[in-house]
Each structure stands twice: as C-alpha cells, then as structure tokens.
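Undergrad: Going down the list, the sequences are from chains A and B. Position one of the first sequence corresponds to residue 1 (the UniProt record's numbering), numbered consecutively onward. Position one of the second sequence corresponds to residue 1 (the UniProt record's numbering), numbered consecutively onward.
Certain hints may be false.
Said to hold, decoys possible - Heads up, incomplete: computed chain B residues facing chain A, CB under 10 angstroms, no partners named:
1) Glu-17
2) Val-31
3) Ile-36
4) Ser-38
5) Trp-41
Don't read these hints as lab results, they were simulated from the structure. Ideal Cβ positions, reconstructed from N, Cα and C, are used throughout, including at glycine.
This is what each chain is made of:
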Amino acid sequence: MASTTETKQKKMLILKSADNDEFEIEESVGVQSETIKNLVEDGFTFVPLPNVYTKALIKIIDYLKKHANKTDSNDEEIKTFDKDFVNTTFDDLFELVSAANYLHISCLMNMLCQTIADRIKDKSPEAVRKIFHINCDYTPEEEAKIRKANAQAFEGQFDESLD
Amino acid sequence: MDSTMGLNSNIMDLPCEVLVDILSRLSLKHVHQLQIVSKLWHRTISSPYFRRLYNIKSSSRRRARVVQVPNFKYSSSRWEMISRTIIISILDLVVDNSEIQEEFSFEDIIAPQHSFTISSNLIIFNNKVCNPTTKEIVDIPIPSNPSVSFDVAYIPSNNTYKIVHLYGTKTGYDYNFNHGGSHVEFRFEILTLRDGGPIPNSWRILTNQEWFSCKIDSICVNGVIHWLVERGDTMKKYIFSMEIESEEFMSSISCPNNPYVGEISIWENTQLVDLNGKLCLSYFSEELSLIDLYFVKNQKNQEWIKEYTINLLGIGSWPRIIGCGQLQGNINGDIIIDGEQLILFNIEENRRLYNIKSLSRPRARVLHVPNFMYSMSWWETITQTIIISTLDLAIDNSEMQEEFRLEVVIAPKLYSFTISSNLIIFNNKVCNPTTKEIIDIPIPSNPSVSFDVAYIPSNNTYKIVHLYCTKIDYDYKFNHDGSPVEFRFEILTLRDGGPIPNSWRGLEHQEWFASKVDSTCVNGIIHWLVERGDGMKKCIFSMEIESEEFMSSIDCPSNPYVGGNVQLADVNGKLCLAYYSEELSRMDLYFVKYLKNQEWVKEHTIHLSGMGSWSKIMGCIQLQGKTRDIIIDGQQFILYNIEENRLTRLPKHKMMMHIGLYFDRCFKLENTRLSMQPSVGLLSK
Numbered sequence: 001m002a003s004t005t006e007t008k009q010k011k012m013l014i015l016k017s018a019d020n021d022e023f024e025i026e027e028s029v030g031v032q033s034e035t036i037k038n039l040v041e042d043g044f045t046f047v048p049l050p051n052v053y054t055k056a057l058i059k060i061i062d063y064l065k066k067h068a069n070k071t072d073s074n075d076e077e078i079k080t081f082d083k084d085f086v087n088t089t090f091d092d093l094f095e096l097v098s099a100a101n102y103l104h105i106s107c108l109m110n111m112l113c114q115t116i117a118d119r120i121k122d123k124s125p126e127a128v129r130k131i132f133h134i135n136c137d138y139t140p141e142e143e144a145k146i147r148k149a150n151a152q153a154f155e156g157q158f159d160e161s162l163d
Numbered sequence: 001m002d003s004t005m006g007l008n009s010n011i012m013d014l015p016c017e018v019l020v021d022i023l024s025r026l027s028l029k030h031v032h033q034l035q036i037v038s039k040l041w042h043r044t045i046s047s048p049y050f051r052r053l054y055n056i057k058s059s060s061r062r063r064a065r066v067v068q069v070p071n072f073k074y075s076s077s078r079w080e081m082i083s084r085t086i087i088i089s090i091l092d093l094v095v096d097n098s099e100i101q102e103e104f105s106f107e108d109i110i111a112p113q114h115s116f117t118i119s120s121n122l123i124i125f126n127n128k129v130c131n132p133t134t135k136e137i138v139d140i141p142i143p144s145n146p147s148v149s150f151d152v153a154y155i156p157s158n159n160t161y162k163i164v165h166l167y168g169t170k171t172g173y174d175y176n177f178n179h180g181g182s183h184v185e186f187r188f189e190i191l192t193l194r195d196g197g198p199i200p201n202s203w204r205i206l207t208n209q210e211w212f213s214c215k216i217d218s219i220c221v222n223g224v225i226h227w228l229v230e231r232g233d234t235m236k237k238y239i240f241s242m243e244i245e246s247e248e249f250m251s252s253i254s255c256p257n258n259p260y261v262g263e264i265s266i267w268e269n270t271q272l273v274d275l276n277g278k279l280c281l282s283y284f285s286e287e288l289s290l291i292d293l294y295f296v297k298n299q300k301n302q303e304w305i306k307e308y309t310i311n312l313l314g315i316g317s318w319p320r321i322i323g324c325g326q327l328q329g330n331i332n333g334d335i336i337i338d339g340e341q342l343i344l345f346n347i348e349e350n351r352r353l354y355n356i357k358s359l360s361r362p363r364a365r366v367l368h369v370p371n372f373m374y375s376m377s378w379w380e381t382i383t384q385t386i387i388i389s390t391l392d393l394a395i396d397n398s399e400m401q402e403e404f405r406l407e408v409v410i411a412p413k414l415y416s417f418t419i420s421s422n423l424i425i426f427n428n429k430v431c432n433p434t435t436k437e438i439i440d441i442p443i444p445s446n447p448s449v450s451f452d453v454a455y456i457p458s459n460n461t462y463k464i465v466h467l468y469c470t471k472i473d474y475d476y477k478f479n480h481d482g483s484p485v486e487f488r489f490e491i492l493t494l495r496d497g498g499p500i501p502n503s504w505r506g507l508e509h510q511e512w513f514a515s516k517v518d519s520t521c522v523n524g525i526i527h528w529l530v531e532r533g534d535g536m537k538k539c540i541f542s543m544e545i546e547s548e549e550f551m552s553s554i555d556c557p558s559n560p561y562v563g564g565n566v567q568l569a570d571v572n573g574k575l576c577l578a579y580y581s582e583e584l585s586r587m588d589l590y591f592v593k594y595l596k597n598q599e600w601v602k603e604h605t606i607h608l609s610g611m612g613s614w615s616k617i618m619g620c621i622q623l624q625g626k627t628r629d630i631i632i633d634g635q636q637f638i639l640y641n642i643e644e645n646r647l648t649r650l651p652k653h654k655m656m657m658h659i660g661l662y663f664d665r666c667f668k669l670e671n672t673r674l675s676m677q678p679s680v681g682l683l684s685k
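One chain only, chain B, in its complex shape (with noise of 0.2 angstroms):
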C-alpha cells in the first residue's frame, strides 16, 4: 500500500489549481525564484490568472510597512532640505515584539512641488512610483498641473492601479492654506498602470470638476476615493466620491459636526479610514484623548452613526489610524493607532491591546565642540562649531558617529548653551537633534539665567522653562554668599510640529535665592538647586512642569568634601544628588527618602580614581541586562553600573566642550509614516 502512494505522488499530477494554490501561499521573492524548477511552473507563475489570485489572495496577508525617514540633507544655507533618505520596513503585525525588517531604501528629492504619498501599496513621490514589494522604481509623466494630492487605487479585476491626481487650476495658488477660503475649481486626471505594461505617456484628464475651499484628506475603500474638503467654512466638512473602475463621481455627503471643534487644533484632527472595508470618518480629541469613529449609515439621508469611541490616554498628540485587521486568530476589529507608539487596538472588544513597538531606539547622543574662533584680542570666544555625533553604547568599543554641525555665535550676555531633555538651546534658537531641525524662539523678556527643558509624553509636547532675574545687569553666576535676589520663570510650549509661540508667558511664582547651581528634570519636574546666601547651605526647588505648580523647597545634606563638585542628576527616573570629590576621587549620590522630613539617604559611593577633574554624570540607561547603568564624563566616559558596583571605560573622546546624552524621540510627524497594505505584486517588467 505504502508503495502505491509512493508512486502516484508525483507533482504532475496535481491539478494546476492545486499548484496555483500552493505558490499563491509564498512570498512574491520566492515565487519567483521558483520559476526556475521547471517550464511547467516558469508558465504557471507567469500567466495573468495566477498573477490575479496571487494579489487577491495576499490582500488578506496583513503586515505593516514602516517608512521611515532617518536622513535630512540640507542646502549649504542648512535651512532647506534638499532631499531626504526614506527607508522602507516591514514589521509583523502577527508576532509578537517583532522587529522591524529593514527592505531597501531610497533617496527622495524635495523638489518644490514636492509630493509624497502612500496610497494603495505604492509610493509617489516627484513623478517616480515605487512600488515597495518589487522594490521598483518607474518615472511617471509629469502631471499638467502642480499637485494638491495623489489617490492610488487597486482594481483587483484587471490587476491595474488607477493614480488620480487631483490638482488646482489656478497656478500658483497655495491650496494647503485655504481653510475658510473661498472656493476653487478643482479637477482630476488619472494614470492607469497596468501589470508589466508600458507607462502612459501622460496624464487623461476627466471632465468632472469639484468646487471647494481646501483639501483635509483622502483614502480609497473598495474601489471608491474619497476626498474630505472644506467649502469655505472650516467648521463643515463634505466628503465626494468617485467609483475608480467607472470613473464615476458620486453626490457628495456632509459629514457630521466635528464634536471637538472647541480645541485650537494644528493639524487636522479629522481623519478617513478603511475600517474592515467601509469608510470610516474619525475625530480625535486631543486634550481628551479619544477618537470617535463615525461610520455612513445611509448615503441618501446622509445620515451618520457614532460606532466606536476609542480611549487613548497616554498615546501623545495627533495619533492617526494605520489600518485595520484581523490580527490574532478569529476576532475582528483589530486597528492600529500610530501616536508615539504603535498601539494595537480592538474596538469591538474596547479595549488596547498591546504597544506595538516603539519606532525609536535609545541611543546615546553625544556633542563636542572642537572649533572656537575667538575674537581679535583672543580672549573672547565669538563663534564655535559645535558637532553632534551619536554613540552607540550598547555595542563595546564603538566609534562616535558624526550625525551634524551647528555653528554657534556667542553673543556677551545673553549667550547660553542649554541641553535639557533631548533639546538644545542657544542665542535663541532651539535645535532638535533628532530631526537636526533649528528654529528661532522669541528672545526671552530679561538676560537669562538658565533654560530647562520638560519633555511631556501624554500630549507629546515640550516645555522651555527660562529662569530668569529680575534684577537687569545682576551678575548672578558669581553671587555665592551675596543676598538673596528675586528670580521668575517663563514658559515656551512646544507642540509637534506646532507654530512656535510668540512669546514667552510669564508664572506668578517668584524665588528669592543667591546663584543658581544646577538645574535638571525628572519624571516631568523641574529641579533647581540653588543657594540663598549661606555658600553651605543648599536647597532644591522643584516645579511640576503639566500643571505648573511649585514644591515647597527642601534643603540639601551638607556637602561631605568642601570646595567639591555638587550636581542634580536622574538615575532610575528617581532625583540624585551628586557631590564629588576631587581629591579622594569619590562621588557621593543621595536620594530623597523622605520628602517631608528632607531626610536624605547617601546610597551609593563611586570610587573613580584617575578620573580627572569635574566629573560629571551624564545619565542613566539600561544597557547591560535588567539593571541600568551610570554614565559618567570626566577626562573619559564611564559606565558605572551602580548596582554591581562596577566600572567599565568608554573609549577616549576628542576635545569636548559640552556633552549630553540623548534618545532619539520622534517629534515632528512627518518624519514617520506607516501603511498598512497586503504586498501587491505590480509594475514588473
């Protein structure tokens, strides 16, 4: 019997739907390596039937691509980006802490009628389509008119994409920034695209034109594009629609009242989704944290109805629905959220799932400043290059990468250099060395005294907070046992690529102290350490930086090694005080125990021996393992690792004058884009 089955199992004499099936089932790569293994199979793959059920098929295939873009270059003047890496990534949806899978990546031009969307599976951007599964990249003709926005859409029938350009023909006209404006006639063209066929010379343009003020946003559902636009009044939004395979437009539908329109929203907090193949319209409520999810319930009456209502406290500003799937096994209402993280969400179940991934990586960002030019009596700085360079130190022995230069002009008085939370701060300017952008801040109301920065995460925003003395002309940096002076504090927020504020806004809150010592923030509060006039004795004042209440001030111990070093630091999240030492080559960290008692614990002593002098901890990450080390700069890093009691050397570093220590944070969203779209095979030759 054995020997039966043996011989009749021979592949041949499987059906060619059987077959189809099978290889319908693999990766598109690999498909194609397999048309090799026989004629048979080279005709099989290659047929226009196999082709059709492979694209239908892996439209049920969910992963997601990450689009990222880690690299900016500017123009000589540093304030243009010319162009920009975008890397393309798959992450798993379906397993688990998945990593994302770097593909390919490509140079993206910014040209000034620059466009970039991702739509359908493909990539647009400057006349080029990209199609991510094939890694393809095909110029497409130049459109008549410049862009407004390009919709993609995928017509399983006759394996096509149709690209609907849809554009303004007025010339010259900023359509982007016409909220509340007057009408403008709007026309469309379209591309068709077929599989392995030529490019279309140009673009066919439709008679149809729409009337309205400026466009919010654009999705394709089941063949149909959707354009959301505004007419002229910004509180009423209409959605039109066109049937992509007929090319026919449908009568357009008023969306309901926007229930958030109270909120002074930046970006549009109106979206439109594919949920599980029928259109969705979504508001977000920034300052409650809530989506709600309005699905069409009958197109005639244009009558809405309010489905869902997702809650998503902690998620940070302007999250925006990926997609939707069927993720884990059988239960529906899968739907991904991109805010600061990627959270997994299921609306029928109400409730979240899990943090996808964090898109960004902890690295350690390191600044040194080689350059000075000095005035002509050489004794004043007036400029100095400032280089930012990452370290990666989770790997030993790496080198520090060079990641950008600043060049920083010193002027008298005013001149302050300022890393706090990520950000840099300098003659008025705030740099991100994330996104390597700089933008001026309003100069502040009196000479400063220090700047603080307070990342906060639950609206992903940031918080400059300037302390400065009333006192104009007071030199307070050399004030030890002088008397004390009255300080006050401004504040700068900073939303995700928000407008920057015009001014800086003035607390009541007022401190009567001598100098100021150090200053840094943990956990969302602000810590100033400061002396009232005893040069002993020191205090810390503390501010809660979301409500902006001040903590009643607790004095310090007193410092153990006189004429020593004394310094805030944030180890574990928790506030640190740190005095060293130079002569026993110790430093001293105290925690707070008691906030009430100002009861102060020494917990930790770190001996340091050939350290060199002002040595200063950097931070605190977890690098090895469970437990989080220190990181110390004195003539060189170190790595302490306080729990161990353990002490590891960073390789030397070039001449520093400033250094931080940084994690990468997304702030500003169009530097990452996720879609979440089936791998469509198209565009092959």
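If we strip away everything but chain A, and leave its shape as in the complex, we get (with noise of 0.2 angstroms):
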C-alpha cells in the first residue's frame, strides 16, 4: 500500500529529443526548466523538445538531477559537478546554452553565459570570430571605419588564443 502511494507522488515525464531519443524524469526534476513547468501545468506528461539534440539533453537531465537533490550537506558536491559540467568545448557550450535558453533554466543559463564570457574574457575580435564560427560580413574599408571610430577600444594586447 505504501509503495503505491509513493509511486503516486512520484509523478513522470518524458521528454523527446530533437533525435527523436525519449528521456523518463521525474515531474518535480523536470519543473526546474520553465518551459517543462509550464507544459506540466496544462496537465502535459510527454514533452517534445524539438530543439534539443539527446547529448545536450542527456548533460542538462544530469543537470537538473544534481540540483533537485540540492541540500546544505552537498554544497560542494554541486560546485565541483558544476565545475565539471562547464569544462568542455566551446561548441558543447553553445549547444548547451541553447537548449538552457529554450527550456528556460536559469540558474544553468547563468553559468553556462558567465562561462563562456570568462572564456572569451580579452580575445581579439578574430580570435572570436573562429570560436563562434562566424564569417565575417564586412569589408576591410568598413571594418577600418568602426575601428577609427572606436580607436580608444583597440589601445593594447588583445589575446589571439582559441581556447
């Protein structure tokens, strides 16, 4: 009787990823994401995520795992999973910040923001170009102009690494 009742309590979701992988979670893990909160409150229990891939899915469910369980005793446990968590790549960390932003989560939002802004903390303008993948759509003549205008900004060292 009483196993029952905790089942009960107990509430699941599913959650589907863009790959078409399904996760089980539990209801009170999930409702740390906004987005999941608010579809469990129109009485949804299968979440399609169509715009987060399973290998992001999986680190964020291991996430939120971690931080239901949040207690005194485990303070440090979580820094060091939390440490952990953001030492990777700069892409797995645009792809994690994006699925974080879709779902609304923001306490991992915060982190995953500050970490990358740590990381490209004094980089030089290409150097940030090569880490966001971006190509760059001006011409010589006006990036020249902007950088006329902003000379003072460009006084210095810059940091031309790309990690």
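Once you've looked at the hints, go ahead and assemble the two chains, each given alone in its own frame, into the complex.
TA: Here is the structure:
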C-alpha cells in the first residue's frame, strides 16, 4: 500500500529530443525548467523538445537531477559537479546554452553565459570570430571605419588564443 | 552524435538574448572591440536595448575607483594652487592584495569657482564632465550662479544622467562657512545627459527653493538625491530629498541628535551613505573611534533607528565610508571605509575583515641644498635653496627625481632646520613634502634649541615638540663641559586638514643638562641625547608623545672612540645609539637591552672603509625581502643590511646639506578621494 502511494507521488514525465530519443524523468526534476513547468501545469506528461539534441539533453538531465537534490550538506559536491559540467569545448557550451535558453533554466543559463564570457575575456575580434564560427561580413573599408570610430578601445594587447 | 552537436553549434542559431547576456558580462572596452566581429554583433552592441541592459547589469560588478592627486602646480608666488593632476585608478576589491591599476589622468585647473564632485560614477569639475569608464571629458554649460554643489543621479529606465546643481541665489556670499548663520535661499537647476546625445545648451532652473544656512553633505540613493543641511542651529540637521525622475521634492526630515556633539570637530563628523540601496546617516566620533549608522524607520514619524556601531580603533582620523557591496561570496554587509588605509568591514558580522591597501607607497625622499646666497661679507648665509627630491630605493641605480624647491631665509639666532617624522620645520614654518604644503606656525616663546616631530597614527595627527632653554642668550650649542641649565618643552598639535593652533602649549616638565647632542622619534617616543656637564658622559631622556609623559633618563654606554661622533637612530622601530669612528671607519650600533638596569648591548659593528667623515644613519627600511636595510649617508649613500652584514653603494649624489629619508604619508584628506561605483557606459558619441 505504502509503495503505491510513493509511485503515485513520484509523477513521471517523458522528454523527447530532436533526434527522437525519449527520456523518463521525475516531474519534480523536470519543473526546474520553466518551459517544462508550463507544459506540466497544462496537464502534459509527454514533452517534445524539437530544439534540444540528445547529447545536450543527457547533460541537462544530469544537471537537473543533481540540482533537484540540493541540500546544505552536498553544497561542495554540487560545486564540483558544476565545475566539471562547464569544463568542455566552446561548441558544447553553445549547444548547452541554446538548450538551457529554450528550456528556461535560469541558474544554468547564468552559469553557462558567465563561463562563455570568462573564456572569451580579452580575446581579439578575430579569435572570437573563429570561436563562434562567424564569417566576417564587413568589407575591409567598413571594418577600418569602425576601428577608427572606436580607436580608444583598440589600444593595448589582445588575446589571440582559441581555448 | 558528436558530429550532430558540432554541426548545430553555430552562434547564429543562438537567440539574440543569449548573445546579449554573454556580451553584457564583458568589459566595456572589450565590447567596443567586438563590434567588428560581424554586422549582427555591431547592431546588437549599438542597440539602445543592449546599452541599457549592460548598464543595469554592470551595477552589480563593484570595483573601487581610486582618485589620486599626486601633483599640484602652484602659482609663481607658490602659495596658491593653480592646477593639479588627477589620476583615476581601479582597485579590484574582490581580489586580495590587488594592486591599484592606473587607468588615466587629466589636469584639473583650479579656478576661483572651483568644484570637484564625484557622484554616480561621473566626475564633475570646472564646467566639465568626465566619464571615467569611457575616459571622455566634455564641456557642460556654465551654471547660472556660482556652485554650492553638484549631484548626479543615473536613471536606468532611459539610460540618462541628471546633474542637479544646488546654488545660493545671493552672489558673493560664502556658503561653505555659514555654520550657525542665517537662512539663505537655495535653488536648483538640472542638466540632462542622454547616452550619445547632445549636451544641452543651458541648465534648466527648477521652481523649488529651499531655505537653510549650510549644506553638509549630499548623496544619491536609488534615484533620490538627499541633501543634509543645517538650518541655523549647528546642532540640528535636516535632510530634504528629491525624486530625480519626477523632480519632485519630499518633505524634509530632521536627523537624530548627534551623540558626539561635544567633540570640537574640524571636519564634519556627519556623512550620508548609500548602504545596500538605503539611505544611511553616519555619525563619527574621533575620540571613541566609533561610527554609528542610522536608518530611517518611518519617514512620516521621522523615526530613526541606530542599526550598527562600527569600532574603528586605530584607523586614523576622519574616515569616510566609501561604499557598500557584496564583496565576498554571498555575505551581505561589507562596507569599505577610507581612513588612513582602506578597511573592509562587515556590519552583519561586526568584524573588520582586512585592510585593503595602503594608498601610499614608501619611497625615500631626499633633500639637498645646492645653492646658498651669502651676505655681503660672504661669511653668513642669508638664503638657501633646498631641493626636495625622491629616490626610489627599490630600484638599482635609480636617478634622483626633483620634486620641488624651497627657498629658506636664514634668520640669525632663531634659525633652525629640522627634518623629523616626514615634516620639515624651518623659520617658523612647517612643510609637508608629500603635499608640498608650507604653512606658518606660531613663533615659539623662546629661541630654539631643537624641534622634534612625532606622528600619531591612531588619530592622524602630528605633534611638534619644541625643546628650549629658559636662559636667553645662552649658547647651548657650545656648552660642552658647561654646567647644567634649565630646559623646557612646548607642543604644537597639527591635525589633518585642521587649523594651525595659535600658540604653543607649554609643558610643566623641565630637564637640566649642559648641551643637547641629538634627538629622534622612535615608535611614538621622542628621545633626546644630552650631556649633563661631563663631556664624556651622555644620557637619554624620553617622552611618550601621546600621553606626553616623560620617562626616567638612562645613561649611555661610554664612547669607545674618543672624539668620534654619536647619533640616535630608529632601527627596526627600536632606539639605536650609534658611535662612529672616523679613524677606524667603523660604526657600532647599541640597543637598550634592559631599560631598568640601563643595560646596553652592542649588536652590530659596521665597517665603512672609505665612507668619508660624518657618516650618519638615515633610516632603516625593508627594501629587499624580509630583512631591513640601513641607509647610511657619508660622502655617498650606503645601503647596509645588518642581518646579512652586506653593503651596497647607492649612486653618488650632488652636494647635499640636509638629507632626510621620507615616506609618503597622506596627511590632508583632499588629496585622495575614493568612490565606489559600478562602471556605467555613457557619453559615447
């Protein structure tokens, strides 16, 4: 009798990734995402996520599970988890930040944006272009014009590295 | 799977708000650089939405901005300051022991209507506005009336600044010194600065007027400017306020009674502070080293509550609260106090955390006298030029940098020239080489024997002790072997920025001796080395400067070098007696082991072959690593490390008459100002 009550309390959700993989998670874990929470409140138990790919979703579910069980005692453990979580390539970070933005998980968004900002700190525009896979759409003349208008900002040393 | 993720990782897919979020966490300079990444980035960065968001977000990143004034230019008469250099630096408060990073500097011309205000991250001076973040300086229209004060408020909702100018309508009236005076009319005018917009042509005058006698302080908290004023009665203070966006004035509230009114204060001991976005009134007691922080509980009932009392023992006089921020992790209530040093204090936990950084770096200051003007007979010097230079002792082979010159007129009899505790005393004048100020001091009651200066860090004051002989026309300088005569003491106390007392305060104490040999101040105690009649025997008597109590005199060890020189020196904060033999080129350093038993121990012997005559210990500082070096001045500077018995020669100097070792000490609060503000980007064209 007791076990049935427990399963009743532990409501489950199914998340479906853009690559059509399905994941079952506890509702209490999922509602940390505002997007999922809104759907749950409307009575949904099956949540398709057409903008989130499987690899990112696996990592995000890990994150949500860890943070759902936050207590005073595992504070250090969560800090270590978070540190490992963001210790990845720029491309993975962009994938994750895009997913976190779609899912509306504000604490994860904050952590990811801060990590990206810290890692591009003082990087040259050229290095930033490579990191973000951006093709410059300026003509050399246009670029020179903007450089001239912001001459003061271009004094000093740049960081050209891509890590 | 990996390839799928890689393929989709293109920032072009990232929604604009994610890009904005990331960019808003970068420095303004870096953001400006990144405009050339692509047209989309340029559009994003130059959009008003981004700029507004950036400014709101950057408010949470707190750094201290340090404004230093290292250079003053004086008029040809040397008495009036005509311009000064203002250096804007950044001090990262989150990092321990962070260095002050100089950002830029500009020259501030001191006009008769001079004002200098730092408010809401803008600097206003001489009808100019400087945004330290973008380093822009723009002219603003000249106000309709001379200044009383400027205040600046930032309005985040439309990214504008409003400068509010408070002025008195009565021209030629001295509003700054109207304490306890009659009420006068004050009015307000406003200048609105828009991000990148044109500067308005003129100030917009408000219809409101306020009547009070004197303005004490003002501050902008959460879009409301508060002015602290006196309405005739110096004991009673009021605050009136204006909501900056609507420009509506609120009914004034009266302040709680100042618990420290009994203290005669030169500086106003009341300050308005923004503490966590709440208006706070602070009262400071110099005597008790306490700051009380009051907050308004109920605006209608004019009810104030004293929420915190900060104990600031030993912080120095007239500390000001710089600001308040969340500096360490998630703990609230850190406030930064600027006294003689920067202090981080946590009001929630009521503890002083650490001293952030001493603003003054020790350097050696060298004085030399290249020019003498002699009287017609060529025998007496009538004036001499004294050049004050600095020598950076931490750098090998550094050149001496001339700082400024003093012209000294040599008066017969009363002439004296003393360098003690970083002050120069000559001809009834005191010069602080750090601030280059020269002020007159009252003429002592009797001709000089000697002056000594002691610095008291606990309340940031100097005490000048004048030793004089009561027997007029007695030539105390050549009384070796003579009979003891009566000597007395008088004291002059100099407070930071305070008025010079009108007269010397005589002490009861008297000493009998034949001649004075040397004196020095060590750790707040002045020691005089004297002869009591017998030319061979010397003794030292001392005075604790803060309590002005004299200690029983001690006898000196006998001089091993007959005819040699003797000197008192401060070595590692301990009194040292140095005997110097010219013949043997040796200097013996003695320290007191047991004061009661009058036991002296010879701890070091320095060999100084080829040093030349009259070698003197200049001082002792920590130059290399952890051990301290002694600087000796003979015919050249010698750096001697007593721990390692190692000798270094410093570059030869020009002809010198007086040489002193100095450490910068900020004594006059106008010289350093601090403001803790978020960096807000504005004014970019």
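Undergrad: So, for every hint listed, does it hold in this structure?
TA: To see whether the hints hold, each was checked on the structure:
A cut of 10 angstroms between beta carbons decides the hint on Glu-17(B): the least distance to chain A is about 7 angstroms, and the hint holds. Look at Val-31(B): its Cβ gets to within about 8 angstroms of chain A, closer than 10 angstroms, so that hint holds up. A hinted interface residue such as Ile-36(B) counts as satisfied when its beta carbon comes closer than 10 angstroms to some beta carbon of chain A; here the least separation is about 5 angstroms, so the hint holds. Interface restraint check: Ser-38(B) against chain A, minimum CB-CB distance 5 angstroms, threshold 10 angstroms, status holds.
Annotation: Trp-41(B) was flagged as interfacial toward chain A, and the flag holds, the nearest CB pair being 8 angstroms apart, inside 10 angstroms.
In this structure, every one of the numbered hints holds.
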